[in-house]
Structures are given as structure tokens and as C-alpha cells.
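Peer 1: Spelled out from the first residue to the last, the chains are:
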Amino acid sequence: MRRNLTAYGFLCGALICFAFFSWYPIVREVLLSFQQTNFVGDATWVGLDNFRTVVEDPVFVDAWVNTAIFTVLALVIGYVVPFAIAIVLNELKHARGYLRFVVYLPVMLPPAVAVLLFKWFYDPGPGLFNQILGFFQLPGLSWLDSTDTALVSLVLVSTWMNLGSGTLIYLAALQTIPGELYEAAELDGAGLFRRIRHITIPQTKLILLVMLLLQVIATMQVFIEPFLLTGGGPEDATVTVAYLMYQYAFNFTNFGGGGALGFMLMLVLMVFSVIYLRVSREEAR
Amino acid sequence: MSETRTLVSPHTLGTRRGRTVYWTVFTTVFVTFTFVFVFPLYWMVTGAMKSPDELADIPPSVFPHSFDLSGFREAWRQLDLGKYMWNTTLYAFGAWLFTLGVDVTAAYALSKLRPLLGRAILGMMLATLMIPPMVILLPAYLTVKDLPLLHVNLLNTPWAIWLPAAANGFNIFLLKRFFDSIPTELLDAAEVDGASPARILWSIVLPVSRPILGVVSIFTVVNVWRDFVWPLLVLPDTDRKTISVAISSLAVQVPQNVLIGSLVIASVPTIVVFFVFQRHIMAGLTAGGLKG
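For the protein sequence lines, the chains are A and B, in the order given. For the first sequence, this note's numbering assigns the number 1 to the initial residue and increments by one for each residue that follows. For the second sequence, this note's numbering assigns the number 1 to the initial residue and increments by one for each residue that follows.
Just so you know, these hints were derived from the structure itself, not from any lab. Being a predicted model, the structure only gives us computed values, none of them experimental. Any given hint might turn out to be false.
Claimed, not checked - Sample of chain A residues lacking proximity to chain B, with all beta carbon distances greater than 12 Å (derived): (1) Thr37; (2) Phe51; (3) Arg52; (4) Asp57; (5) Pro58; (6) Leu75; (7) Thr176.
Claimed, not checked - Covered by chain A, according to a simulated footprint, are these stretches of chain B (three or more residues, beta-carbon under 8 Å): (8) 55 to 64; (9) 101 to 111; (10) 123 to 134; (11) 250 to 259.
What the hints assert, rightly or not - If the Cβ cut is set under 7 Å, some of the chain B residues that face chain A in the computed set are: (12) Leu7; (13) Leu116; (14) Pro164.
A virtual CB, placed ideally from N, CA and C, is assigned to each residue, including glycine.
Work out the full structure: start from the sequences and follow the hints.
Peer 2: See the structure below:
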């Protein structure tokens, strides 16, 4: 009994913090999406009205499509590349510290700094990227100003600033692969690519899966890139679900609509979260 | 460092062809990495030394015409960066204090005191990891704006950063897992000698937990420094903003070289932390599992 009391004494700070800033907001997110409130009087229940409002919004479909494209593009570039980099880095015997340090450097920049830095690089005139293209006699691009390239430009920033953590995690996983496996495969006559396919990838399968899910969860919440770079434009080409949610709440002062979008995003992401938990539990075993 | 066998055998590397391929790959990787990850930072630092006219030059100058630090000085002065640095430091320091105070005691209680319903509480804390922060952004904002039961408005106060930072399931998970690995016999012996749980936590558990406390501390501080959308919402007052939010909202009002100078200044603290704690950060990244 005394032990319980002491224990709850130790726990009370965390219980209060979690209750106010984690558990209650989760419940309130669900309530919010079914309510309409002006913050003066009591909130009223409106059933599915909020969902109807956002679904009928012409930007709604764009936002989900953009978020999906962003996620897929970020996977194609940001998922395969770090693994490939990690495989190569693991073979190099020189400047190991430097290469590991450098690849993680962008991760340490505050994201707002990295994003604003790229905004300057994307400048179609004297911006760094068009100048580099010009140096190689290639025509410049309009980057953030064109509906064709805006979303890809956001993916590039996002990848540049997040690539390092994936690389270092894969690198740590690669170092746990027993060398005998490669030796045995080589004796059996397996070439470089067969060794990657039949040893490297199976041996790191779980971590690859875990990272895949984590990356999907992280990129589907993309907000700061459209917020700081494009404001959702041009022509809604870069509106994402999280950004639209923000707009509903703070530009249209419709927290019900924002709540409905947040609720939908929550359901989608929880599917990935549940799979992730299953997988990571298996990994811990 | 002991060399373990990797994908390519040492024998293959020893051959003439192997050595040629190795050095070609190494040089390519070295140059590409430097270009992709270091050159943008070089461009940022030198950009702040160029005048607005020089920044508009086509083609751009690879080396600034003069070693001129006025871009940094003007950024510090015009954007009042000292104030925002101080704000951010205050938020980071308080978040660190609260996170350690709250999460360490909770993890200790859950790991060693094991109260009634402890497993359920742990489960509910870890379950919050499945809810990505972005999806509860609006209700969390509304909560901070008008705290339930107490009806206090925390907007524009440091509490809006400090308290939510402590509600971190990942820290609880890391700390509890570490405390679980401390042998119970050690603590039992102290208890027989009449030491209170608080005393045991302070004198036995904390001293052996330095590595994990280091990881949690670094990540808490760095996260506050890097965070954008939460401080954007809960600290709308110009005088209260964090440095990231301040720079992004003032960006349009200043000349380009001043803006770039402010970007350099804002990245110095986290880069310095990385230089100093590089090994801890990399260890935390891989050992602590993965953070979404």
C-alpha cells in the first residue's frame, strides 16, 4: 500500500502531463471532428457535417493526392538512396568519420533553416540550382513556381534534410551481419549483387520494414515544406492534408473542419502505426 | 577498429583491379558527399558575406568579393536574434528540466516500484507513440489555449512548450527499458538499509543511468530547438517566438544577405551540439531504436 502511494507520487507529474497534453487531445480530436464551436458558447454536435464540408471542398482530393504523391516520391528517393549509401559506406575504409558526420549534418539543421535555405536555392534567377544547371549548359527550371516541379522540389528538401538518420540506422544494421555469411556465399560463387540480394537484404529485412513504415508515417504529416515554401501553391499543387488542416483551423477558423481532416489522417496513419508496432515487436524478439 | 568481413572480401580488395575500383568509388563518394551535404552550407555561410547586389549576380561568385561580416551583424541587430536565441534557450532548458524530472521519476516508478495498474499506465503512455503529433495538433492547441478544469490560457507562456515536452512516450520507453536492466538486488540491499525510494533513485539509479540520461537530454534540447509548427501556434506573440519561427516570419522584411546571415546564426547551436555530442547522438539514434 505504502509502495503504491509512493509510486503514484513519482508518477503524478507524468500522469498530469500525459492527461492534459496527450490523452485528452486524442479524445478531443475525435470530439472536435463531430462538433462545431465558436469558442464563445458551448460546442454543438453536428454529426458528419464537418466531414461533409471538407470532402466537398474541391481541394480535399488534391490534398490527399499530393500527400500520397509526396509520400511515394519521398519513398522512391528517400528510402532506396539511404540504404544504397549505407551499403557503400560500410565498404569504405577511409574517412569513415567524416562521411558519417557529413551525411548527418543536414539532419542537425533546424528544419525551418534548411527549408528557407532551399527556398533561396530554388530562386529561378540567381538561385544556386539554376546556376548549376546553367554551368552544365542545361536549361533552368522554375522549381517552386511551376505545378510540374513544385511538389518534387518539396520532396528534394525533405529528402536532403532527413536522409542522414536513415543512412546511419541502416549502417548500424549492416554492421551486425556476420562476415561468415558473405564468405560462404562467395565460396558458392555468388557475385556482388547476388550477395546483396540473398544476404544483405534478408539480414536487414526487419529494419528495412520498420524504416519503411516510419517514413510513411513521418512523410504523410508533411507540413513545414508547403507552409514555408509554397503556401500550398501554385494552383494548390502542393497543398497537403496537414497543411489543409492548418488552413481550416487558422485561416478559415473552422476547427471542426480541421478536426475532421485530422481525424481522417489519424485513422490512415494508425493503420501504419499498428503494423509498425507488430513488426518492431517481432524485431525485439 | 577491428575489421570484420563485409560485402566485398579483403582478398578482392587486395587485387589490383579491386584497389582501382575501391579508390574510384571512394573518390566519387567523397566528392559527391562533400558537394551534396557540405557545399550548400558553404554557400549559405558565404552567401551571408555577399552584398545584395553580389547575391543577384549571374553567374554567382564562388568566393565572396570581400570577407564582410556585416550580414551576420545586421541579422543579429535587425532581426533581434539575441532575444530569440534567449527565448529558445529558455524553452529548451525548461523542457529539459521538466522532461528529466517528470519522465525519470515516472519510468523509475513503472520499472522498480511497479504500482497497481502500472502496466496499464505504461501501455497508455506507449500507445501515444502511435498517434503522430500532427494529427492532434488542433486539439492540443485548443487544450493549451484553455486548459480543461483549470481554465488557464498557456498561450505565449513557456509552459506551453515545457509541459507538453514532458508528455513523451518515447522517453518513458527508453528510460524504463534502461532501468529494467539495473539489477534489483542492488536496490533491495539499499532498501533493507532503510533508504527511501527517492534516495535510491537519486544515489543508485541515476548515477548508473548517465548514458541514457545523456541521450534523452540531447534529444529533448535538440527537438525544442528544431521544432517549428508547435511553437508557431502556441507562441504567436512576436516577443515570445522561437528563433526558427521568428526568422521565417520576419524573412520577407529584410535584405537577402541579412536573412541568410540569420539562417547561419540559427543553425550554429545545433551544429555545435552535434560536434560536441556526435557519438551520443549517433548512439541514441541507433540504440534507442527508432523515432517517428
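Peer 1: Verify the coverage statement for the region 101 to 111 of chain B against chain A, using a C-beta to C-beta distance below 8 Å and requiring 3 or more qualifying residues.
Peer 2: holds (count 8)
Peer 1: Beyond 12 Å on every Cβ pair: is that true for Pro58(A) relative to chain B?
Peer 2: At about 22 Å from chain B, Pro58(A) clears the 12 Å cut-off, so the statement holds.
Peer 1: Verify the coverage statement for the region 55 to 64 of chain B against chain A, using a C-beta to C-beta distance below 8 Å and requiring 3 or more qualifying residues.
Peer 2: Per the Cβ count (6), the hint holds.
Peer 1: Less than 7 Å between beta-carbons is the criterion; does Leu7(B) satisfy it with respect to chain A?
Peer 2: holds (6 Å)
Peer 1: Using Cβ atoms only, decide whether Pro164(B) comes closer than 7 Å to chain A, and label the hint accordingly.
Peer 2: holds (4 Å)
Peer 1: For Thr176(A), is the shortest beta carbon distance to chain B beyond 12 Å?
Peer 2: Contrary to the label, Thr176(A) does not stay out of reach of chain B, its closest Cβ about 10 Å off (not over 12 Å).
Peer 1: When you look at the beta carbon of Leu75(A), is every beta carbon of chain B farther off than 12 Å?
Peer 2: holds (15 Å)
Peer 1: Does the claim that Phe51(A) lies outside the interface with chain B hold up, using a Cβ gap greater than 12 Å?
Peer 2: holds (15 Å)
Peer 1: Is the Cβ of Thr37(A) more than 12 Å away from each Cβ in chain B?
Peer 2: violated (9 Å)
Peer 1: Minimum C-beta separation from Asp57(A) to chain B exceeding 12 Å: can you confirm that?
Peer 2: holds (17 Å)
Peer 1: Any CB of chain A closer than 7 Å to the CB of Leu116(B)?
Peer 2: Where the cut-off is 7 Å and the nearest Cβ of chain A is about 5 Å from Leu116(B), the hint holds.
Peer 1: Taking 8 Å as the Cβ threshold, is the statement that the region 250 to 259 of chain B is covered by chain A upheld or broken by the three-residue rule?
Peer 2: Answer holds; 3 residues pass the 8 Å Cβ test.
Hint violations for this structure: numbers 1 and 7, all remaining hints satisfied.
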